[in-house]
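Engineer: Note that full-length UniProt numbering gives residue 231 to position 231 of the sequence shown, counting from 1, and the numbers run on in steps of one.
Just so you know, these hints were derived from the structure itself, not from any lab. Errors might be hidden in some of the hints.
[Claimed, not checked] In the PhoX-like style, the derived pairs of lysine-lysine whose C-alpha atoms are separated by at most 20 angstroms in a straight line are:
no.: 1; residue 1: 326; residue 2: 224
no.: 2; residue 1: 308; residue 2: 295
no.: 3; residue 1: 349; residue 2: 308
no.: 4; residue 1: 308; residue 2: 224
no.: 5; residue 1: 140; residue 2: 125
no.: 6; residue 1: 295; residue 2: 232
no.: 7; residue 1: 492; residue 2: 416
no.: 8; residue 1: 308; residue 2: 232
no.: 9; residue 1: 255; residue 2: 224
no.: 10; residue 1: 255; residue 2: 125
no.: 11; residue 1: 255; residue 2: 232
no.: 12; residue 1: 492; residue 2: 349
no.: 13; residue 1: 301; residue 2: 349
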Amino acid sequence: MGTETKSNSYTGQISTSGGNPKVMKDSLSLVRQAVKQQQSNQINLNSNSNTNPNPNSNSNTNTNSNSITYSSEQQQQNNTGDIDIRPAKQEDNNTRSIAKDTVVPFVPIFVEEADVIQGAKDILKVIRPNWDLNHVDFKKFTDGITNKLVGCFHNCSKLGNDNDESYLSINNATRILPVQSEDPVILSDEFTTIDGETTEQQNDLQLPIQYSDNVVLVRVYGNKTDLLIDRKAETQNFQLLHTYGLAPSLYATFKNGLVYEYVPGITLNTESVLCPDIWPLVARRMAEMHRVVRKTNVDGKPTPMIWKKTQSFLDLVPERFSDAEKHKRVKGTFLPIGRLREEFNNLYKYLEALESPIVFSHNDLLLGNVVYTKSKNAVNFIDYEYADYNFQAFDIGNHFAEMCGVDEVDYTRYPKREFQLEWLRVYLECYLQRNNIQNEEVERLYVQVNQFALAAHIFWTVWSLLQAEHSTIDFDYVGYAFLRYNEYLARKDEFLSLTASKNNK
Numbered sequence: 001m002g003t004e005t006k007s008n009s010y011t012g013q014i015s016t017s018g019g020n021p022k023v024m025k026d027s028l029s030l031v032r033q034a035v036k037q038q039q040s041n042q043i044n045l046n047s048n049s050n051t052n053p054n055p056n057s058n059s060n061t062n063t064n065s066n067s068i069t070y071s072s073e074q075q076q077q078n079n080t081g082d083i084d085i086r087p088a089k090q091e092d093n094n095t096r097s098i099a100k101d102t103v104v105p106f107v108p109i110f111v112e113e114a115d116v117i118q119g120a121k122d123i124l125k126v127i128r129p130n131w132d133l134n135h136v137d138f139k140k141f142t143d144g145i146t147n148k149l150v151g152c153f154h155n156c157s158k159l160g161n162d163n164d165e166s167y168l169s170i171n172n173a174t175r176i177l178p179v180q181s182e183d184p185v186i187l188s189d190e191f192t193t194i195d196g197e198t199t200e201q202q203n204d205l206q207l208p209i210q211y212s213d214n215v216v217l218v219r220v221y222g223n224k225t226d227l228l229i230d231r232k233a234e235t236q237n238f239q240l241l242h243t244y245g246l247a248p249s250l251y252a253t254f255k256n257g258l259v260y261e262y263v264p265g266i267t268l269n270t271e272s273v274l275c276p277d278i279w280p281l282v283a284r285r286m287a288e289m290h291r292v293v294r295k296t297n298v299d300g301k302p303t304p305m306i307w308k309k310t311q312s313f314l315d316l317v318p319e320r321f322s323d324a325e326k327h328k329r330v331k332g333t334f335l336p337i338g339r340l341r342e343e344f345n346n347l348y349k350y351l352e353a354l355e356s357p358i359v360f361s362h363n364d365l366l367l368g369n370v371v372y373t374k375s376k377n378a379v380n381f382i383d384y385e386y387a388d389y390n391f392q393a394f395d396i397g398n399h400f401a402e403m404c405g406v407d408e409v410d411y412t413r414y415p416k417r418e419f420q421l422e423w424l425r426v427y428l429e430c431y432l433q434r435n436n437i438q439n440e441e442v443e444r445l446y447v448q449v450n451q452f453a454l455a456a457h458i459f460w461t462v463w464s465l466l467q468a469e470h471s472t473i474d475f476d477y478v479g480y481a482f483l484r485y486n487e488y489l490a491r492k493d494e495f496l497s498l499t500a501s502k503n504n505k
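Build out the structure end to end from the sequences listed, making use of the hints.
Structural biologist: What follows is the structure, encoded as structure tokens:
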């Protein structure tokens, strides 16, 4: 439940006002000059696609004394231009190339949390210089409890539905050149040509679907969230998943946020997540991510996210909260923090022995991070702050726990056994790539998933305590910490007593 977007549907007020962000003016000037120098090229994946490539290859070159000078390596990167990947209808070989040395464009702007609309405008001036801001509507998604999100809708974008075909293409827009930041994110050795796979595995990879360039999303990180999130790793994960067709395009980063492609649709709620037309899409989408996504150059068995993140968070929880009232509320149950650490460590030791596969996972599939696009009969996952290698059963168990809601949590909504077994069978059919799934396999995963749901409760409990100390967003993080921990205590004995043999029918 850690990320910000719980509503991706077009509801609420459209705003065109806002304050001024802090702008690194000299650097911004250089970025704008770089935009004028750009030659917009295309990178095509090795495929015979019936989709025509973007014909735009024009550029306006400024040769003044203030032009950015790139190293030879950067010049080679710049020559690649922006990545604009279209769905391919067929491939003429069994390998698929993933872009190497892709530099994520960096815009040297800092956006104040209170002035996100104006901040979005200043960013658009750089990455969409041909957009007339008088023809852009700005929608603030106000349900966030970690970050803040602004949708920027250009020209005839229609609000109020998920008709992704209503947007006009602006593929001829000039794109920003890669501009080196103090800590540039470069995707190099880790994202290479896929080889060593079977034909079936390679064919299962999906080329990224580009939706509308008429809409971009600007996400502003919450206060002190850099304590919780490795932002460079998040950006790399975003790009990695995009190469597999599992994430939208990442357009740029700025000093405290991201700019990325809008995925049309509506986010799930506690009713729609149980809809028989939707939940199988979620199960298959998760299975696809778990089955095909991997990083190269990972030495040995990767450390599961749930272990390293929870330990990191526990290290950061203060023994005395700066707000006296919050400290009074938490001290009896959660402090000293060593007690919670011992509880988690004992649980982890038990869960590790279950030998759940370690796969590349989303790790934060709350309902607001699943977008359903009815016109395509598809779901997409969004927000990859916590994406990393983790136990397979954690990702599923966390999603099941999130079916109970965030704003109005009701743990009586936790999915019943019958629903879980159906969901898990669909998942396994996709993950294992076969239809003859045995009852024993489903039962074993059922036990693992529910026991790992306990770890999800502790993880988000610790996360909530950290947010209670640092976040400026109006949300009762202390209350949420108690909700998650109380549910952990209520379910602990029940879930840990589960065995596959006991539940096998």
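Engineer: Now tell me if each hint is right for this structure.
Structural biologist: Taking the hints in turn, this is what the structure says about them:
{"no.": "1", "hint": "326 - 224", "in the structure": "18 angstroms, holds"}
{"no.": "2", "hint": "308 - 295", "in the structure": "18 angstroms, holds"}
{"no.": "3", "hint": "349 - 308", "in the structure": "14 angstroms, holds"}
{"no.": "4", "hint": "308 - 224", "in the structure": "19 angstroms, holds"}
{"no.": "5", "hint": "140 - 125", "in the structure": "18 angstroms, holds"}
{"no.": "6", "hint": "295 - 232", "in the structure": "15 angstroms, holds"}
{"no.": "7", "hint": "492 - 416", "in the structure": "16 angstroms, holds"}
{"no.": "8", "hint": "308 - 232", "in the structure": "17 angstroms, holds"}
{"no.": "9", "hint": "255 - 224", "in the structure": "13 angstroms, holds"}
{"no.": "10", "hint": "255 - 125", "in the structure": "16 angstroms, holds"}
{"no.": "11", "hint": "255 - 232", "in the structure": "12 angstroms, holds"}
{"no.": "12", "hint": "492 - 349", "in the structure": "15 angstroms, holds"}
{"no.": "13", "hint": "301 - 349", "in the structure": "17 angstroms, holds"}
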